[in-house]
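As given, the protein sequences belong to chains A and B, one line each in that order. Letter by letter, the first sequence follows residues 0 to 323 of numbering that gives the first Met the number 0. Letter by letter, the second sequence follows residues 0 to 329 of numbering that gives the first Met the number 0.
Simulated from the structure, these hints should not be mistaken for laboratory data. Be aware that a few hints might be false.
Unchecked claim - Covered stretches of chain B, as calculated for chain A (at least 3 residues, CB under 8 angstroms):
no. : stretch
1   : 54-60
2   : 65-78
3   : 245-255
Built from N, CA and C at the ideal position, the CB exists for glycine as well.
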Amino acid sequence: MADHPLPDAGVAKEWLRAMLLIRRFEERAGDLYAKGAIGGFLHQSIGEEAVIVGTVRALRDTDFLVSTYRSHGHALARGTSPDHVMAELLGRVDGVSRGRGGSMHMADVSRRFMGGFGIVGGNLPIAAGIALASDQLGRDDVTLCQFGDGASNQGTFSETLNLAALWKLPVVFLVTNNRSGPGATPARHSAVEDLLRRAEGFGVAGLRCDGMDVIDAYNVVGDALRLAREERRPILVEAATQRFRGHSAADPDAQRSDGEREEWRRRDPLLTFARRLVAEGAITQEARGALQAEAAARVDAAVAFAEASPEPRPESLHDDVHVA
Amino acid sequence: MSRTIRYREALNEALREELRRDETVLLMGQDIGLFDGAFGVTEGLLSEFGERRVRDTPISENTTVGMGVGAAMAGLRPVVEMMTINFSLLAMDQIVNHAAQIHYMFGGQARVPLVIRMPQGAGHQLGPTHSHSWEAFFVHVPGLLVAAPSTPADAKGLLKAAIRSDDPVVFIEHEHLYGQRGEVPDLDVDHVVAFGRAAIRREGTDVTLVGISRQAMTAWRAADLLHAEHGISAEVIDPRTLRPLDLETILASVRKTNRCVIVEEGWPRGGVAADLAVQITEQAFDWLDAPVGRVTGADVPTPYAKSLEQVAFPHEHDVVTAALATFRDI
């Protein structure tokens, strides 16, 4: 990662702040889940902060972001208040989705965060459709669609890449290849593991980035967005990542060896990026500590807000089934 | 003033008028452009509106509907054609998990003004994978609107209403009806039929026949037979849309006639007729002089052989028999 120069100190500091917020938020969410305060599934993004922040910071405000069932980090990075993300996790009326969606279905349409989608691979056609709308309406917005390597074996992966290439749609497919669905490694599921080769077969050019390096993710995704915007074509970016937890909070994460986990921990994107900022003088050690404390305090406030938010009234059960 | 045109032509007019009226409308589907649609519904639209707005798609139903969902979320009003209702099952994830639920699951933030058109129905010897009638699958799903027009006028007016709706609409056409003619208001009329209003096709006093999709026509013919051969006055109601459902018009009729038979082409178990029969029984029990009758498609995969296929879906004599059965205790 030393290949890339640091961005301006202010920018670098903001990225670190955003990454810290996601880490602390997800840790607290895990605690609350263990206590039973959060129901259902909880898919955390711990270890994926670099690719989330790098990717989202490469977007323009007018670009569209489409995520998966692992959607808290994207909402936070896009600027949604941690208060409302936490309230959604607790199933409260002030949740981003008013308590209807939960962990897997965060959305903040006002920020063009078009949703977390719970069906693996279900978000790809939707992202391509959003890109189609941009194209049709004469706007130069790009849609960024994030998904995990597991989605690449859904029919929607091949169908969507084919159509996006055929119709020259401005969409960037970002595959976070954490090589770890629940109980799954790619070699057990994919005859051709190289996702760039598979994309090429559908006429979609591919790029690779180090998903553990926020600067690399920012640069490569930025290139992909520029190509999609200017050349009106889809691009696939494969980001090699590693979560530090199982697939969901209910996954024991047994299929990875201790050595493998230890190796990836040494690459913890928060530690490596923060150390580098200090080493190169972008921030002081004290400032780093202050950012950590700030993130923890912000998450404390979010939890307090969420706990104070009322549960949706039972009488509101039928609200928003239809627009009209 | 009105003209007599075919159901297929009425649908074509609706699409053409809405494409002209609103530039955010676009069509997607297999063979809808160069080939004018498998049943000719989109004839001439590619040449008038161009390939950006009339888009031939590959055989990728789930992704085509999903792209419609995304495009609808971002400001377009897509109309996606499934070549037949049977192929809609390939798109069920996008229709049910996504189109129907996005508005609710995001707390009202996003809208999905998408229309998914699909023809259904038996009678053309297309065998088990191309002949079914599946209103029930879609009626089951909260978040969807479901239309099943039986006349050219309703086909046109409901499709225009569907395209203008901010909710996702499953628009069920019938292969047998495409060539049928009917009165449709003149082209200078903006003919829109509101969802949720049943049509009384024939007034009567002795028994209520509720017919769905093509079976509204079957029920109508059965009513003529009941009158001519048995002196029975049947009222024929076509719900036209099943979500929302105009239950009140049906109940008002049942309170008048005290007898009811529901006719649908779909399978009997978990069907639309079963659902309607329960609602009528729950809300008009004291007015009923006989159990609500049902005439449905047979509980089998629709077969190929003509002799088998013809007995696998309702005809007017089946409806007459079921209607007479509601008088058996008199």
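We went through each hint and held it up to the structure:
no. : hint    : result
1   : 54-60   : holds (count 4)
2   : 65-78   : holds (count 12)
3   : 245-255 : violated (count 0)
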